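Q: Residues per chain, in single letters:
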Amino acid sequence: MARALINVPAKAKRGEVIAIKTLISHEMETGFRHSTIGLPIPRNIITSFVAIYNKEEIFRAELFPAIAANPFITFYTVATESGTIAFEWTGDNGFSATETAAITVE
Amino acid sequence: MKPGITKLGFVRSGALIAVLCIMMMHSTFAEIPLAERRSGYDLLSRETRAMQNDDTANPGMLWVLDGEALWRAKAGTAEKACADCHGDARETMKGIAARYPAFDPARGRPVDLEQRINICRSEQQKAPPFAYESKDLLALTVYVTRQSRGMPIEGAVDERLKPFVDAGRALFTRRLGQLNLTCAQCHDDNWGQKLAGNPLPQAHPTGYPVYRLEWQTVGSLQRRLRNCLIGMRVEPYAYGSPEYVALETFLMWRARGLPVETPAVRP
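Order-wise, the sequence lines are chains E and Y. Per this note's numbering, the first sequence starts with residue -9, numbered consecutively. Per this note's numbering, the second sequence starts with residue 66, numbered consecutively.
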């Protein structure tokens, strides 16, 4: 299971613009490199990231081989109601990781 | 060839040699005064500093999480976890990394934190030691070192470390490799200048194991030293060699008083 770090403010005012930061451990092997004996190292990257705020998709990103290891993705959203924000990363070789964060909107 | 030109050439090369001599004299005694020492953090870009400052943006924290899990995981035929002997690392490991490399009486030489972890692993846990630069060894080292974050580096207070500090200093000031450079020429005499567009730091090991953006991973101080040696075109020492530990001991003495930053982020 990949390690991930999520930063979502625990509390926010209704209508407030909040910053969400996510960081996940992943080697992001490009597929363009060769091993010391000349064999190609197969591509192993995260290909997609989705954030869902109370069942509504609020952010989606596609990732490509040029993205560095341990991708850090940050974005903004409007705090609409209390609930959870779920994050899902999927990638090569059946990679899948999920995290959730709770938010209270007053 | 006209004698005039020869003479001019002679005068020119004489002047060049004189300038070089002055530079070399300068490089023989130039330890940085205590008050002028700066962590490499001061030379970072605004963005890289922000990355190090924020624990949810600092990728080194992923290794801290891994290290915390390893600290509690039972290993080896002794079926013991680090926590079974040492308890809560947040209490028991506080300040430990600030005084490593530490003198090991059984071996009669200093050992760095990676070596200490592997000694514990083979002698107490009865488990095979981790390979140098393996993810597990780095994770445990980062986790233990992080418990000293913000604390001043003690820097070879133990009298028994003195000969190893001197050995490290001798290596630091010795000309090495095809480029015939010493570590001190860059890091004592020319810190703050640029080397191939990058600022030259004073080389204080305040944040190791460090997340290096160029590596896209965490690496040890020995990996960083190896990196510098290859740049100087020196055949690097083997991981764990006494030369590296002596250099580490000297560098920690040289950085005494500066706060531990682990996990630091560096370009």
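One thing to keep in mind: the hints can contain errors.
What the hints assert, rightly or not - For each label pair, taking beta carbons as the anchor points, the in silico distance ranges come out as:
no. : chain 1 : residue 1 : chain 2 : residue 2 : range
1   : E       : Val40     : Y       : Pro170    : 17 to 27 Å
2   : E       : Ala59     : Y       : Ala143    : 45 to 55 Å
3   : Y       : Arg111    : E       : Ala59     : 18 to 28 Å
4   : Y       : Ala100    : E       : Thr37     : 49 to 59 Å
5   : E       : Ile48     : Y       : Asn245    : 50 to 60 Å
6   : Y       : Asp107    : E       : Thr64     : 24 to 34 Å
7   : Y       : Lys191    : E       : Glu6      : 25 to 35 Å
8   : E       : Lys11     : Y       : Pro217    : 24 to 34 Å
9   : Y       : Pro307    : E       : Ser86     : 38 to 48 Å
10  : Y       : Ala143    : E       : Lys45     : 28 to 38 Å
11  : Y       : Glu144    : E       : Thr64     : 17 to 27 Å
12  : Y       : Pro193    : E       : Ala51     : 38 to 48 Å
What the hints assert, rightly or not - In silico BS3-like links for lysine-lysine, alpha-carbon gap of 30 Å or less:
no. : chain 1 : residue 1 : chain 2 : residue 2
13  : Y       : Lys200    : E       : Lys11
14  : Y       : Lys191    : Y       : Lys259
15  : Y       : Lys159    : Y       : Lys145
16  : E       : Lys11     : Y       : Lys145
17  : Y       : Lys227    : Y       : Lys159
18  : Y       : Lys191    : Y       : Lys139
By construction, these hints were calculated from the structure, which means they are not laboratory data. Please read all numbers here as calculations on a predicted model, not as lab measurements. Every residue, glycine too, gets a C-beta built ideally from N, C-alpha and C.
Q: Which of the stated hints cannot be reconciled with the structure, identified by number in ascending sequence?
A: 1, 2, 7, 10, 11, 14 and 16
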